[in-house]
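Trainee: Going down the list, the sequences are from chains A and B.
Using my numbering, the letters of the first sequence map in sequence onto residues 1 to 208.
Using my numbering, the letters of the second sequence map in sequence onto residues 1 to 497.
By construction, these hints were calculated from the structure, which means they are not laboratory data.
Even for Gly, the Cβ is constructed at its ideal location relative to N, Cα and C.
Treat the hints loosely; a few may be bogus.
As the list claims (entries may be wrong) - Computed from the model, here is a short list of chain A residues facing chain B with C-beta under 10 Å:
no., residue
1, SER14
2, ILE15
3, GLU17
4, GLY18
5, ASN21
6, ASP24
7, ARG56
8, MET81
9, LYS104
10, PRO105
11, GLN107
12, LYS108
13, ILE171
14, ILE175
Below, each chain spelled out in residue letters.
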Amino acid sequence: MKAETVFIVDDDASICEGLSNLLDSVGIPTEQYPSAEAFWESWNDQRAGCMLLDARLPGASGVEFQEHLKNLGIGLPIIFMTAHGDIPMVRKVMKAGAIEFLTKPFQKQELLHAVAQAFEQDRTRRQEDSIVSTINARINSLTDREREVMAMVTAGLLNKQIASELSLSEITVKIHRRRVMDGMLAGSLAELVKMCERARFPSWRGPS
Amino acid sequence: MEYGIKPFSIATCFVLVALLWTFPLQRVIAYPFVFLFFGAVMGSAWFGGALAGFVAVVQSSLVITYFFIPPVFSITVAKESQSFLAAFILCAIAISIVSSSRKRAESAVRTARDQLEAKVRERTAELEHSNLEIQESERQLRMLTEAIPQQIWRADVSGRIEYCNQHLRDYVGERESSIEGDSFFNILHPEDAVLFRQGWESALVAGGRFEVKVRVRGADRAFRWFLVRSIPQRAEDGAITRWYGIHIDIEEQHKAQQSLVIAQDNLSRLWRTLSMAEMAASIAHELNQPLTAVVTHAYACREWLSTNPANLEKASATAEKIVQESTRASSVVKRVRALFRKEGTERQTVDLNPLIQELARLLRDEAIRRGVGIRVVLDRNLPKIEGDSVQIQQVLLNLATNAMDAMTAVTGSREVTIHSERRGADEVLITVDDVGPGISPEIVSRIFEPFFSTKEQGTGMGLAICRSVVEAHDGRIWVENRNPAGARFRFTLRVTA
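Just chain A, with the same shape it has in the complex:
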């Protein structure tokens, strides 16, 4: 994995250059793109960092691009910048999860603060992502029956209820339950429930 990078997307090359120079001077690696499309072409989800996005771009505008990324499930934090931001636009992008909305020209501290915040968020996001993918891997290692039992356990059903629901003996349910706890590396029921919530594993909702 490469170091955390600021991806600068602005159609004005001199702005890109200035920002790149400034971030370079404080030791933050940058990459410059003249348009959202150019950025998108070189993107892969192993990259980390944040995006410094001009709100008004040729082609897909910054706001549209933000929506696009969101729809694709890419959680790269975005810092918006514009020469003339109007309130509705600011409200819209902030609501959609933008880190900050900078009005050109901006103070160095504003920028660096936003970048630091974005990196932090990205780190949390990637951590979360990796935890979720670990949990998902564990869930995938279970058998279908074990997943079924897990859904019922996390829904708060007793062994007896699970047994009658699945037409199994209570002993068998206990065995499955043990295997679920082992497979998920869960020390307690509470931990298991938490893991399932994190991975958005759906718990049992009654007989189908």
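Given chain A, put chain B in place with the hints provided.
Mentor: Quick look at chain B alone, frame taken from chain A:
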């Protein structure tokens, strides 16, 4: 005439009856008594026709000859009785002919009468049938008018409603359920009733159908817009006897149209300020970009210098960037300043007359909406000028819209006049006149100053820009008041050398 056995049997019966009655009578009467046989002939001819009559004549003659004419019981006739028999036969034939022809005539009359009666019956039946058909089609028509989801009425020439369908009743409400007979104009909006009556009366004269958009009062006393379409019905002499009308609900369309008008209004207001606002925004953007670059580079430069040891190479490269970007910013400023100066403008040979005509066309919709007339008086021999046609048109547009704005409160006829004329050897004079309140003396001197405005939403830049443009073209712009009312804006431009 009838043939077959029937005439013979009828004749025989009559003759037999006559014979039977004559026998006893003959006993008391001395002369051969033949009168009853006349009766038999008459009856036979009457009931059996000419043939039966003839048969009765023959039979009677034979019977008389045999029984009553001497010598009796023989068919020979004594010489002295021959004339008597002949007379009898002649009389009998005559009676037979008369009787049978009378009978024929009578039966012909009867047949004719019977036929007539049959015909009358037939006609009556037909009439009843067609009456039913008419009733049925009338019923269907009525159902149709009720089924149409529009309001339909029929009125006499004076506008009294004779019929209206349920939809119209429902719309105007229970209170006026007896709208029939009411004057139609009562359910119209008072303002529209006048218009409607005009349409009605002119249609009476012109004799055609007519359509008007009017507001019709509903049961809730609220008015909705309807398209009322009326068709006259004419008598044979061409006079109008009735009106048929249909109301089509156009409230929604009307609302949509209204909001469109408002949108257009906003648009045109925007359009007038757009060039200025747009210019300002683009200047701001153009300046902001290099300034942002300068600021970020400057921050970077300081960072490069503050590291230990200072990265002089990077700092120097950054300083170079700062110089470049600052130059770029200053060139933007230069360009803006040059925008209204001679060297910045596109100079070409311009024919002002088509320019003015185009402007008048451009403003036409706006002018109609505001109830303003635009009059253009052009000098046909106007020389061409040298300048920037877009900028000159902006000046004209600005002056013309100002003129329209100035007449908002004018109640009489509103008119903007644009003149073009030659002035001296090397100048063209353009005049824009209005009939508004004019310019008060205390502001005449300030009116071309930037940010000076008498309008609530004015930027105060319009006339200032006009002056910049005109002066950049070596011209002059000024304002006068007209007599008795109105303002006159004039500017001059230099004729092409």
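Trainee: Run every hint past the structure and note whether it holds.
Mentor: Hints and how they fare:
1. SER14: Constraint on A/SER14 satisfied, holds at 4 Å.
2. ILE15: holds (5 Å)
3. GLU17: The hint holds - A/GLU17 has a Cβ within 10 Å of chain B, the shortest such distance being about 7 Å.
4. GLY18: holds (4 Å)
5. ASN21: It holds, given that the least Cβ distance between A/ASN21 and chain B is near 4 Å, below 10 Å.
6. ASP24: Because about 7 Å separates A/ASP24 from the closest Cβ in chain B, which is inside the 10 Å limit, the hint holds.
7. ARG56: holds (9 Å)
8. MET81: holds (8 Å)
9. LYS104: holds (4 Å)
10. PRO105: holds (4 Å)
11. GLN107: holds (8 Å)
12. LYS108: Holds - the Cβ of A/LYS108 comes within 10 Å of chain B, reaching about 4 Å at its closest.
13. ILE171: violated (70 Å)
14. ILE175: Since chain B brings no Cβ nearer than about 64 Å to A/ILE175, farther than 10 Å, the hint is violated.
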